[in-house]
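Just so you know, the sequences run in chain order A and B.
If you number the first sequence the way full-length UniProt numbering does, the last residue is 448 and the count never jumps.
If you number the second sequence the way full-length UniProt numbering does, the last residue is 448 and the count never jumps.
Do not rely on the hints blindly, as some may be mistaken.
Any copy will do: because identical chains look the same in the list, a pair fits if it lies in one copy or spans two.
Derived pair list, reagent style EDC-like, types lysine to aspartate or glutamate, alpha-carbon separation capped at 20 Å [said to hold, decoys possible]:
{"no.": "1", "residue 1": "7", "residue 2": "213"}
{"no.": "2", "residue 1": "51", "residue 2": "168"}
{"no.": "3", "residue 1": "339", "residue 2": "215"}
{"no.": "4", "residue 1": "316", "residue 2": "348"}
Everything labelled a hint here was simulated from the structure, so no lab data went into it.
Here the structure is a predicted model, which means the values were calculated and not measured.
Given next are the chains, with one letter for each unit.
There are 2 protein chains.
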Amino acid sequence: MQDGDFKALKIDQGRMMDSLHSICSFGTGKRWGSAPTETGMSRLALSDSDKQARDWFVDTTTALGCAINLDAMGNIFAVRPGRQSGLATFAGSHLDTQPSGGRYDGILGILAGIEMLRVLEDHHIETEFPVGVVNWTNEEGARFPISMVSSGVWAEDIPLARAHNLKEVGGGKATVKSELERIGYLGTMPASYKSMPMAAHFELHIEQGPILETERQKVGVVHGVQAYRWFTVEVQGRDAHTGTTPLANRADAMLLAARLITHAHRLATTHSAMAATGILTLTPGSTNTIPGTVRFALDVRAPADATVDAMEADLKADFAALAAGENIGGLLDGSTPGKPLNISWQTDSVSPATLFHADCIAAVRAAAEAVTGDKGLVRDMTSGAGHDSVYASRRCPTSMIFVPSRNGVSHNPEEYTSPEDCAVGAEVLLQSVLRYDRLRSMGATGSG
Amino acid sequence: MQDGDFKALKIDQGRMMDSLHSICSFGTGKRWGSAPTETGMSRLALSDSDKQARDWFVDTTTALGCAINLDAMGNIFAVRPGRQSGLATFAGSHLDTQPSGGRYDGILGILAGIEMLRVLEDHHIETEFPVGVVNWTNEEGARFPISMVSSGVWAEDIPLARAHNLKEVGGGKATVKSELERIGYLGTMPASYKSMPMAAHFELHIEQGPILETERQKVGVVHGVQAYRWFTVEVQGRDAHTGTTPLANRADAMLLAARLITHAHRLATTHSAMAATGILTLTPGSTNTIPGTVRFALDVRAPADATVDAMEADLKADFAALAAGENIGGLLDGSTPGKPLNISWQTDSVSPATLFHADCIAAVRAAAEAVTGDKGLVRDMTSGAGHDSVYASRRCPTSMIFVPSRNGVSHNPEEYTSPEDCAVGAEVLLQSVLRYDRLRSMGATGSG
Ligand SMILES: [Zn+2]
Ligand SMILES: [Zn+2]
Numbered sequence: 001m002q003d004g005d006f007k008a009l010k011i012d013q014g015r016m017m018d019s020l021h022s023i024c025s026f027g028t029g030k031r032w033g034s035a036p037t038e039t040g041m042s043r044l045a046l047s048d049s050d051k052q053a054r055d056w057f058v059d060t061t062t063a064l065g066c067a068i069n070l071d072a073m074g075n076i077f078a079v080r081p082g083r084q085s086g087l088a089t090f091a092g093s094h095l096d097t098q099p100s101g102g103r104y105d106g107i108l109g110i111l112a113g114i115e116m117l118r119v120l121e122d123h124h125i126e127t128e129f130p131v132g133v134v135n136w137t138n139e140e141g142a143r144f145p146i147s148m149v150s151s152g153v154w155a156e157d158i159p160l161a162r163a164h165n166l167k168e169v170g171g172g173k174a175t176v177k178s179e180l181e182r183i184g185y186l187g188t189m190p191a192s193y194k195s196m197p198m199a200a201h202f203e204l205h206i207e208q209g210p211i212l213e214t215e216r217q218k219v220g221v222v223h224g225v226q227a228y229r230w231f232t233v234e235v236q237g238r239d240a241h242t243g244t245t246p247l248a249n250r251a252d253a254m255l256l257a258a259r260l261i262t263h264a265h266r267l268a269t270t271h272s273a274m275a276a277t278g279i280l281t282l283t284p285g286s287t288n289t290i291p292g293t294v295r296f297a298l299d300v301r302a303p304a305d306a307t308v309d310a311m312e313a314d315l316k317a318d319f320a321a322l323a324a325g326e327n328i329g330g331l332l333d334g335s336t337p338g339k340p341l342n343i344s345w346q347t348d349s350v351s352p353a354t355l356f357h358a359d360c361i362a363a364v365r366a367a368a369e370a371v372t373g374d375k376g377l378v379r380d381m382t383s384g385a386g387h388d389s390v391y392a393s394r395r396c397p398t399s400m401i402f403v404p405s406r407n408g409v410s411h412n413p414e415e416y417t418s419p420e421d422c423a424v425g426a427e428v429l430l431q432s433v434l435r436y437d438r439l440r441s442m443g444a445t446g447s448g
Numbered sequence: 001m002q003d004g005d006f007k008a009l010k011i012d013q014g015r016m017m018d019s020l021h022s023i024c025s026f027g028t029g030k031r032w033g034s035a036p037t038e039t040g041m042s043r044l045a046l047s048d049s050d051k052q053a054r055d056w057f058v059d060t061t062t063a064l065g066c067a068i069n070l071d072a073m074g075n076i077f078a079v080r081p082g083r084q085s086g087l088a089t090f091a092g093s094h095l096d097t098q099p100s101g102g103r104y105d106g107i108l109g110i111l112a113g114i115e116m117l118r119v120l121e122d123h124h125i126e127t128e129f130p131v132g133v134v135n136w137t138n139e140e141g142a143r144f145p146i147s148m149v150s151s152g153v154w155a156e157d158i159p160l161a162r163a164h165n166l167k168e169v170g171g172g173k174a175t176v177k178s179e180l181e182r183i184g185y186l187g188t189m190p191a192s193y194k195s196m197p198m199a200a201h202f203e204l205h206i207e208q209g210p211i212l213e214t215e216r217q218k219v220g221v222v223h224g225v226q227a228y229r230w231f232t233v234e235v236q237g238r239d240a241h242t243g244t245t246p247l248a249n250r251a252d253a254m255l256l257a258a259r260l261i262t263h264a265h266r267l268a269t270t271h272s273a274m275a276a277t278g279i280l281t282l283t284p285g286s287t288n289t290i291p292g293t294v295r296f297a298l299d300v301r302a303p304a305d306a307t308v309d310a311m312e313a314d315l316k317a318d319f320a321a322l323a324a325g326e327n328i329g330g331l332l333d334g335s336t337p338g339k340p341l342n343i344s345w346q347t348d349s350v351s352p353a354t355l356f357h358a359d360c361i362a363a364v365r366a367a368a369e370a371v372t373g374d375k376g377l378v379r380d381m382t383s384g385a386g387h388d389s390v391y392a393s394r395r396c397p398t399s400m401i402f403v404p405s406r407n408g409v410s411h412n413p414e415e416y417t418s419p420e421d422c423a424v425g426a427e428v429l430l431q432s433v434l435r436y437d438r439l440r441s442m443g444a445t446g447s448g
């Protein structure tokens, strides 16, 4: 295949979108508009509707000349042969959704992979090495409560037994393993990068954030996934009657928590990081009792681990100072000094920053510029959320492609990306895979 | 009775405390120390243990020469005859407790009333007009969820039917009326100040706050009860993913709520008022979702209604400005401007300031100075919490006497006032009632 050949390849937008909406009949969710496709999705991993989507995936890729490789986590690797044998370059994502999800998260990545196979078939193109599409099991973690669990097992970062024994949320008895068996997707191949190595992994995904839309850009070249750290902060003061306790005698845990949350946002601004509190509980919880105890979650994120380290250090020092009554950042200006309180920290989750592979990033950047014809429509990005590409990147060169999400909305029936934007993304995916395959054929990468 | 006579009267501290601890065997609560009396109380209104305490009250006051008047709310007015007929001057409080309450809240006021009757009997003292002790039903509002409900009915501020039909909290079927019938305390006399007028009402009560202890003073002369107003504030932003939503794109309801709570405290400081948040709920409530909705309670108090009015006006104006992104009080310094949010207010409860009667206040002040022998040990106070004296004061001259609460703790098993402090309070109560009776005999009051 000559250079000029693959750069001219176009995907068929109408065909891809028809297929996407057609497989959204498996597990249709909540209606949010009047058009036929204006419904969300509710296709929990390993449910009957997930089985239907999987069956379609297997039938379709088989008909397109692929061999199916099914592993012990139900990950399905469909591989189309190349001119020479070797590892396949994959497009991958997931067909499962949130219980109240949309039509694009995960699904677009798989459908764009299928469209890639169709374009190759249409033009009778033989790639240098095999290419493939992989559907990862239970990415969302919505039914079985570890997200990206199956790419995690593949990367050997999560033990198979732990994954197999995950029980469905809500008190049901089903496990990952029992459901894999029930729907006929418990493969005999070990779920491991050693049994099913990949030359590279490219994932097209909706941004799930507002940046591309706000900046009026079309493609995000994803350099990695930001680090995050989850904490629970407990503020310990003293319960007291709101009517009989003067301000100066209070150890008001809610007032201190309010100052801490206000301050965490300021520190995030200073560090160009992010901080948010999505859970807060107080006790005893009555209008006329000053709460003695407040517990709140703190979600801290930044593209680099060092930034999160610095945030954590500043948060811990400043929170302690505020609890002791120091006027950090003027927060105590105009206030009545009260009694000191205690703060304790618990680290709930640590997820280091992921950096994708330079070769894959370069392939996506070149493809995006070629497809859009305008560098101004392409931006470098760090993914805010986790994806299967995080685990994939630990065992093979990886990058991702983002396309705009309307209003930044995701995990919601109203999640939406226009057909044109989906098509641009799919074309960038196709071109990225072909560029990477070509790079390998020239011996310019370490893999293959 | 000559002036010199009653000023020399002493109460019997040992006798009063023995009686107090003895009737705490009815409804004993949680143990908090090793001494026999170091347990709390759990004597819910109209329970079997409340019936035992009531029976003791009736037997004891009858034996002390009182006539019993029982009304339709189970309020028990024990009246000791005077030299001439006329309305009685009352000492009053309540025998019911919180489910996890202490030995002093309410109980001390009744026991000091009984001790007053005993002292009068011991010295064969005939007051000018009758004097009495009243036990009000369900002051705490812990079992039947309106506090001070029976003095409220007596004052004709709460309809009898509403009070009778109150169901016990926790889903039980019992009502105030059914429980009054069950324990034999549904009186035939109407519950009304018209059927059972009082010449005056004096209430000895623990402070339930830290002021007397902090100031090393012994007696609070209570001039009234502060006003309070309860609000629910709802902050409406937008749910968003913590990982994919930049700070500038957020409408973070928890961050705004934190700023509002911080600011409410500052406004309270400015107005010499009080503000607190004892309830806060957020939705959807997950670590990695910026909450779109936060609802929180705001309890605002001040001695004067005008101060609460001014607080409310400032809170509403400043909260709206902060929601719109204005940098009120420097709260947004160093922050990332985000999207505007909406705020709505709901007023849940309005309780105007209560001002007690000058004659009763003067009687308490004179008695307190005489009993302590030191003006420095006596302070004027505004009650932070509501009491039956609030409703009593609407229909007759009223005042209260406060004694120190250790650590300001109340509604807790560890609530504690030393025997010496209890005795000082009881002696001030005795002297206040006798002074007021004398004042009436001189025709110096409007009542009697
Ligand atoms: Zn996804
Ligand atoms: Zn009380």
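Going down the list of hints, with the structure as the test:
{"no.": "1", "hint": "7 <-> 213", "verdict": "neither (26 Å within a copy, 84 Å between copies)"}
{"no.": "2", "hint": "51 <-> 168", "verdict": "within (16 Å within a copy, 52 Å between copies)"}
{"no.": "3", "hint": "339 <-> 215", "verdict": "between (47 Å within a copy, 16 Å between copies)"}
{"no.": "4", "hint": "316 <-> 348", "verdict": "within (15 Å within a copy, 37 Å between copies)"}
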